[in-house]
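**Q** Line order of the protein sequences matches chains E and U.
Going by the working numbering, the first sequence opens with residue 8, and the numbers climb by one from there.
Going by the working numbering, the second sequence opens with residue 8, and the numbers climb by one from there.
Everything labelled a hint here was simulated from the structure, so no lab data went into it.
Ideal placement from N, C-alpha and C gives every residue a C-beta, glycine not left out.
Among the clues, some could well be false.
As a list, the in silico DSS-like pairs of lysine-lysine whose alpha-carbon atoms are at most 27 angstroms apart [stated by the list, open to error]:
(1) E:K203 to E:K30
(2) E:K143 to U:K143
(3) U:K203 to U:K30
(4) E:K189 to E:K203
(5) U:K203 to U:K189
(6) E:K60 to U:K203
(7) U:K143 to U:K189
(8) U:K60 to E:K189
(9) U:K203 to E:K143
(10) U:K143 to E:K60
Listing some non-contacts, in silico: residues in chain E with all C-beta distances to chain U over 12 angstroms [unchecked claim]:
(11) M14
(12) A78
(13) T124
(14) R136
(15) G184
(16) G205
There are 2 protein chains.
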Amino acid sequence: VTEQRAMMTLYGDLRSGNTLKVKWTADLLGVPYTVVEVDAFMSATRQPEYLAKFPMGQAPGIELPDGRCLAQSNAICRYLANGTDLLPAHPFQAAKVDEWLFWEQYSHEPYVAVLYTAVAYRGVALSERDSHRVQKGEQALDLMETWLSARDFFVADRFTIADIALFAYTRFAERAGFDMKKRPHVEGWLQRCGRKIGA
Amino acid sequence: VTEQRAMMTLYGDLRSGNTLKVKWTADLLGVPYTVVEVDAFMSATRQPEYLAKFPMGQAPGIELPDGRCLAQSNAICRYLANGTDLLPAHPFQAAKVDEWLFWEQYSHEPYVAVLYTAVAYRGVALSERDSHRVQKGEQALDLMETWLSARDFFVADRFTIADIALFAYTRFAERAGFDMKKRPHVEGWLQRCGRKIGA
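Only chain E is shown next, with the shape it has when bound in the complex (with noise of 0.2 angstroms):
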């Protein structure tokens, strides 16, 4: 058992996609663990408690049973994946899966995911979106759209920790009022994605 097996503590929303990612990865992995629930909507990622163990004060997080602790939703399923067939062990490679999951966080996740909170948990209707990220969130599903009408996942023609990043909040598109039936390749990447993950 390396530290990247043994049980963990997973501390997230299970509504979130970012807490999703983290444990599609552990089911996917079998990296065994248990959930403590936090809701980020009741700011409890803003207590004392929490603080100690994740100063940044967002979920997910995770806790390995001698403490230590790992926040950031990416950082975490890179450790879980890392040296494994979710996440390529050829440096560059790698680095392409990194180069989407940093895009993701500052490119698709501020705009898609934001949106898709708005409309399904905070009753934001369509026509009241924010608008910058309207257009912001309908500029990274096309770029998906562009980059997957030539090959099956993100990188290295395989299922990796890009598709799971990805996946999180695309899969909410629609949802949060995208027309996803104009990407229809991002569409079969989802479906692609869900048999994979089960999801």
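Dock chain U against chain E, hints included.
**A** Frame of chain E, contents of chain U only:
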């Protein structure tokens, strides 16, 4: 010469902290490169020739001698630093570097860097800064102050690409309108990083 040590082309804007992260990392590691200036303010990253290399349409990006391209500043730094003193070899320590890299792009750069650009390059008065970005930037700098009150560098008691990534825009935080006099530990860390980087 491993592939990370071959002559590369760096596409970027040397006024941009994101581009400087890559330049500094290459300089510290002795990776040879030539620079192709990309003026982000002139939409250079949205031109077809640029998009053919870097579909995400962002700078910086690097091109290897065989034509392979990689974007996202923190992904590039991680790729260059892999196997060197700038990125710990231990998987958990490397994951803690990743944690800060993702935090930087999600919770620091969109506030501190965007406000710096607004003030320094777009003529926005300090009193007219976006209040949401100010609040989030204050939170990010407060977290850095607390973290650095107990250590000299962000991860593993040594200078890593986590420090390089966070240095890039934190050094402009005062120019962006943040009060750094009340953050002496960040100021001390900026000086330590500046000596390492020569910036």
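**Q** Take the hints in turn and mark each one as holding or not.
**A** We went through each hint and held it up to the structure:
A C-alpha spacing of about 14 angstroms is found between K203 (chain E) and K30 (chain E), which places the hinted pair at or below 27 angstroms, so the restraint holds. With a CA separation close to 20 angstroms, the supplied pair K143 (chain E) and K143 (chain U) stays within the 27 angstroms bound. The straight-line distance between the Cα atoms of K203 (chain U) and K30 (chain U) is roughly 14 angstroms, inside the 27 angstroms bound, and the hint therefore holds. Between K189 (chain E) and K203 (chain E) the alpha-carbon distance is near 24 angstroms, which keeps this suggested pair within the 27 angstroms criterion.
Distance hint between K203 (chain U) and K189 (chain U) is fulfilled; the C-alpha atoms sit about 24 angstroms from each other, no more than 27 angstroms. A C-alpha spacing of about 30 angstroms is found between K60 (chain E) and K203 (chain U), which places the hinted pair above 27 angstroms, so the restraint is violated. Taking the CA atoms of K143 (chain U) and K189 (chain U), the gap is about 17 angstroms. The hint holds against a cut of 27 angstroms. Distance restraint check for K60 (chain U) and K189 (chain E): the Cα-Cα separation of roughly 25 angstroms lies within the 27 angstroms cut-off, and the hinted pair is therefore satisfied.
Distance restraint check for K203 (chain U) and K143 (chain E): the Cα-Cα separation of roughly 37 angstroms exceeds the 27 angstroms cut-off, and the hinted pair is therefore not satisfied. Taking the CA atoms of K143 (chain U) and K60 (chain E), the gap is near 21 angstroms; set against the 27 angstroms cutoff, the hint holds. Separation of M14 (chain E) from chain U is adequate, the least Cβ-Cβ distance of about 16 angstroms exceeding the 12 angstroms criterion. Listed as a non-interface residue, A78 (chain E) fails to keep its Cβ farther than 12 angstroms from every Cβ of chain U; the least gap is roughly 6 angstroms.
Here T124 (chain E) stays apart from chain U, with its beta-carbon at least about 15 angstroms from theirs, past the 12 angstroms limit. The claim that R136 (chain E) lies off the interface holds: its Cβ sits roughly 17 angstroms from the closest Cβ of chain U, which is beyond the 12 angstroms cut-off. With 12 angstroms as the threshold on Cβ separation, the claim that G184 (chain E) sits away from chain U holds: the shortest Cβ distance comes to roughly 22 angstroms. With 12 angstroms as the threshold on Cβ separation, the claim that G205 (chain E) sits away from chain U holds: the shortest Cβ distance comes to roughly 25 angstroms.
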